[in-house]
Amino acid sequence: MNLAQHSNGRPYAKFASKCFALLCGFCTLLSVSVLLLLLWNVFSYGWGSLSWNFLTSWPSRFAEKSGIWSALIGSLYLIGVTAVLSVPVGVGAAIYLEEYAPPSRWRTLVQINIANLAGVPSIVYGILGLGLFVRMMHLNRSVIAGGLTLTLVVLPIVILSAQESLRAVPSTIRQASYALGATRWQTIWHQLLPVALPGIMTGVILSLSRALGEAAPLVAIGAATYVRFTPQNLLTDEFSALPIQIFNWTDQPQKGFHEVAAAGIIVLLVVLISMNALAVLLRQRFSKKVKW
Amino acid sequence: MKILNGYAIVLLANLILVTGCSKSAPSDSDTFSSDPNATPTGSIRIDGSSTVFPISMAVAEEFGEAFPKIKVPVKQSGTGGGMKQFTVGEVDICDASRKIKDSELEACKENGVEFVELTVAFDGMAVVAHPDNDWCDCITVEQLKNIWRPESDGQITKWSDVNPDWPEEELKLYGPGTDSGTFEYFTEAIVGEARASRPDYTASENDNALVRGVAADKGALGYFGYAYFAENKDQLKLLSVNNGTDCVAPSEKTVRDGTYAPLSRPLYIYVSKDSLTRPEVAQFVNFYLDNVDQLSGEVGYVPVTKEVAEENAKLLQAALNRS
Numbered sequence: 001m002n003l004a005q006h007s008n009g010r011p012y013a014k015f016a017s018k019c020f021a022l023l024c025g026f027c028t029l030l031s032v033s034v035l036l037l038l039l040w041n042v043f044s045y046g047w048g049s050l051s052w053n054f055l056t057s058w059p060s061r062f063a064e065k066s067g068i069w070s071a072l073i074g075s076l077y078l079i080g081v082t083a084v085l086s087v088p089v090g091v092g093a094a095i096y097l098e099e100y101a102p103p104s105r106w107r108t109l110v111q112i113n114i115a116n117l118a119g120v121p122s123i124v125y126g127i128l129g130l131g132l133f134v135r136m137m138h139l140n141r142s143v144i145a146g147g148l149t150l151t152l153v154v155l156p157i158v159i160l161s162a163q164e165s166l167r168a169v170p171s172t173i174r175q176a177s178y179a180l181g182a183t184r185w186q187t188i189w190h191q192l193l194p195v196a197l198p199g200i201m202t203g204v205i206l207s208l209s210r211a212l213g214e215a216a217p218l219v220a221i222g223a224a225t226y227v228r229f230t231p232q233n234l235l236t237d238e239f240s241a242l243p244i245q246i247f248n249w250t251d252q253p254q255k256g257f258h259e260v261a262a263a264g265i266i267v268l269l270v271v272l273i274s275m276n277a278l279a280v281l282l283r284q285r286f287s288k289k290v291k292w
Numbered sequence: 001m002k003i004l005n006g007y008a009i010v011l012l013a014n015l016i017l018v019t020g021c022s023k024s025a026p027s028d029s030d031t032f033s034s035d036p037n038a039t040p041t042g043s044i045r046i047d048g049s050s051t052v053f054p055i056s057m058a059v060a061e062e063f064g065e066a067f068p069k070i071k072v073p074v075k076q077s078g079t080g081g082g083m084k085q086f087t088v089g090e091v092d093i094c095d096a097s098r099k100i101k102d103s104e105l106e107a108c109k110e111n112g113v114e115f116v117e118l119t120v121a122f123d124g125m126a127v128v129a130h131p132d133n134d135w136c137d138c139i140t141v142e143q144l145k146n147i148w149r150p151e152s153d154g155q156i157t158k159w160s161d162v163n164p165d166w167p168e169e170e171l172k173l174y175g176p177g178t179d180s181g182t183f184e185y186f187t188e189a190i191v192g193e194a195r196a197s198r199p200d201y202t203a204s205e206n207d208n209a210l211v212r213g214v215a216a217d218k219g220a221l222g223y224f225g226y227a228y229f230a231e232n233k234d235q236l237k238l239l240s241v242n243n244g245t246d247c248v249a250p251s252e253k254t255v256r257d258g259t260y261a262p263l264s265r266p267l268y269i270y271v272s273k274d275s276l277t278r279p280e281v282a283q284f285v286n287f288y289l290d291n292v293d294q295l296s297g298e299v300g301y302v303p304v305t306k307e308v309a310e311e312n313a314k315l316l317q318a319a320l321n322r323s
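Sequence lines, in order, name chains S and A. Note that UniProt numbering has the first sequence beginning at 1, numbered continuously upward. Note that UniProt numbering has the second sequence beginning at 1, numbered continuously upward.
For reference, chain A alone in the conformation it holds in the complex:
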C-alpha cells in the first residue's frame, strides 16, 4: 500500500500542475472597438522578423482584446526562418524586415502560395558612438563603407585610418550578428552587397548588449535599430549620415520622408491569399492596417505615409475580392 500512496501523490501533484488553470481573458482596454455581433473563432499563425515582432505583437494584443476567441500566437524566427515556413504554407502571415527574395518567390510559386505584400512601418538604423567621442558628428556613407567592407578586416583599426583629422583612437566596432535582418540590410545599403562585412567586430543578436558595449568603449562605433538608441539617448551619441548631399540624423521625419538614406527601411508583412479566405485572417489583417499607424509609433517605429496606407488598403481589397 505504501508504494501505491507514493504514486498517488505523484499523480496528484501532476493533476494539480495540469488542471486548475483556466482563466478568462483579462480585459482592460476599450480603445479599439469591436463588432459585438460577430464572435469569430480560430487561430492565426504569424512568424518572422524579430524587428517587426513588436508591431505584430502590439496588433495581436489589441486584436485579442477585441476578439478574445481568436488565438494569435506571434513568433520571431527571423525573416529567413519565417519565410521558410511561409513559402510552404505553414504560416498565414510572415513578418519581414526586407523584401521577399527571388529564391523564396520561386519556392512560393512551386508550392502554389500566393501572397500580398503590405508595408506596415519604417525603421531607421542608428549609427552610434560613445558620448565622449568629440571628433565625429557626421559620417559619410563612403567612410562607413570603408570601415565595414570585408577588405578592411584588420586594416582599418584606428579612427585616424578613416579620416586623418580624427585622433589615433582605437576603432572598436559593434553590430548585429549575421542572422539578423538588420545586418543584411546594413551590409547591402552600405557595402553594396548583402552579408558582406568585415568579421572582426563584436557581434550580438541581443541589441541591448551592443548598446552596453558602445556605451562602455570610447573608441566604439556601432549600428542597430533606432528604437535601441531612443531608449538609451543618455549613454550614446547619435551620428548623422551623409549620403553625398547633406548630413542627416535619423528622426521620425527624416526616416518617413526617406531623406535619411540609405539607412531607413520599410518593414513588411506578407499575407498568404489562401489564408485570407478564412474570415478570422481577413479580419485580423484589416484590423492590422486600421491600427498599425498608432501601434507602430507606440513600439518605437515610424508609421507609414498616407500614400503607402492607401496602397496597402487597395492591395488588401484586391486580394480579398479575388479570394
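One chain only, chain S, in its complex shape:
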C-alpha cells in the first residue's frame, strides 16, 4: 500500500479519494475520446482521397483531380519565414528581459504587454498585417507579408516560453559563472543558453505549429484561394496555405470536395505531428548533454 492509498481506516475519505480518481480518469477519457472521434471522422472521410497524386497536384475544379501541392508548399514557406524571423527576435527579447533589463516599472510594463499580446486573437494581427505590411510597406500579398504577419502572432509566445526556460536555469549557475570571472555575455552564451535551449526550442516549435494552423490572419491579409504555382520570389509571389485551402474546399457544394478537405486535414495533421515529434526529439537530444 503506497502513501496515496493510505487513509488510516477513514471510510469516507477513502471513498472520496476513489471518487476523485475516477472523476479525473473520466475527464481524461472524455478529452481523448473527443479527439479520437474527430480523428476517426476525418480519417474515414478523407483516407480514400489521399494519394501521392493528391500531394503533388494543383487544386482543381474537379474534386478527384484536386491536389494540395501549392497550399502545402505555401504553408512550409510561410513557416520557414516565420521561424527565421521570430526565433532570433523572440529569443533576443527574452534574453534582454531576463538577463539584462534591471527590474523597473518599464520592465514590468513591457512584460505585461507581452503577456497581453499573447492573448490577442490572431485576426487582429491579420488586420494589422494588412495595414502595415501589405499596404504601408507595399509588400502586397507576398509570402514575406504573410510570414511577417504570422511572426506577429507567434512572437509573444516565443518570448514568453524562452523567458520561462531561462528562468528555470538555477541562479547558482549564474553566480558560479560570475564568480569564476566570466562576463555576462560568456555566462549567457556558454552556461544559460545551452541549458535553456531544449525549452526554448520546444516553445518555438509549438508556436510555429500554431502558426501553421492559422487561417484568420492570412484571410485578413488576402492570401489567395486558388494558386497553381509555388512561390519563386518571397518578396513578390502570392501564396496559398493549408488552412485556407481546406476552408475553401469545405465551402464547395460538391460532396467530393468535402472528402478532399478531409484529406487536406490529414496532411495538415501529419505536418503538425512531425513538427511536434521534432520538438520532442530535440528536447531529448539536448537535455542529455547538460551536466553540471
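The hints are simulated quantities; they were obtained by calculation from the structure and are not laboratory data. No incorrect hints appear here.
List time: in silico DMTMM-like cross-link candidates among lysine to aspartate or glutamate, alpha-carbon distance up to 25 Å:
1. K218/A x D134/A
2. K65/S x E298/A
3. K255/S x D217/A
4. K233/A x D251/S
5. K99/A x D251/S
6. K172/A x D251/S
7. K218/A x D251/S
8. K255/S x D293/A
9. K255/S x E252/A
10. K237/A x D251/S
Far from chain A by the CB rule (all over 10 Å, computed), these chain S residues:
11. L38
12. N41
13. Y96
14. Y100
15. N116
16. Y178
17. S209
18. R210
19. V267
20. N276
All C-beta atoms in this analysis are idealised placements derived from N, C-alpha and C, irrespective of residue type, glycine included.
Using the hints, position chain A against chain S.
Chain A in isolation, oriented as in the chain S frame:
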C-alpha cells in the same frame, strides 16, 4: 560548441523547410489548345465574389495548363471587397455577383479606372424546404416578401401565418449572412430593398451549413445558390416560385431564358482597361470568354445565351482596340 550545434540544427531545419521545393507544373489536360509560339509571362490579379470564384478558378486552371508561365492567383473577398480594390487599381479583374454600384462607379472615376463589364454566367437562387414538407410546392413572391421583410421580425413565426391553408408548423428560416452577395440580391429582388431583411433567421456564410440546417428541420425554409441544391437533391425539397403568372422551378432553361424571375441573376467580371494593355491580361480575358461557356456549366452555373456571348465579344474587342 554545443550551442553552435544547436543553432546549426535549427538553421538546417529552416533550410529544409525553405528550399527543396520547386516543381514544374503537372500537366494532364489537352482539352484547351495553346499557341506554342507565344510564351507570355506575368501575373494577373483577380479578386471578388465567392459566387463567381468557381468560374474564375476553373478558367485559371485551364489557362494555367495552356500558359504555365503566367501566374493567376484567384481570391474571393466578396464582391464588395473585390470592388474596393478594383476601384483603386489594385486588382486587374473583379468577380462580381451584382452590378457595380454608383458609389463604386464614382470611386473608379476619381481614380481614373476605366473598365469593361462582361456577363459570364447566370445563377439561380433556390428556395428550399424540408423533404417532409407536403403542404407547400409553390410559393409566391408576395408570400416570400411577407416572410422575409424586416417588419415580419417575430410576427410571422408559423407557416399558417403566411397562408391559413398551411399547417401550424413552426417556420424556421435559413439564409446567407449579410456579407454575401446572395443576401444582397435576394433582399433586393424579394423585399424590394437591398439588405432589408428580418434579422431572426439562421445566417451562415457557409452554404453547406444552411443545407444541413434545412435538411434537419421540418419547418425550415431557406434560400441559397442553386448549385448547393443540385448537390443535395435527396435531402431538400425545391420550391417553385410564382411571380404573378406561373409557378416556375429553377432549372438551366428557366434561369437562362429569365422565366425564373426574379431569383435568377447574371454574374459578371469587371476588367480594368488599363490592365487590358498588358498582353497577358488580354490573353486571359480572351481565354475566359472563349471557354466560360463550358466551364461555367461544369462548376454548376448556367452558361450565357448566344446574344450575351456576342455582346461580350464586342465589348472586349472595343476595349482592346481602344487601349
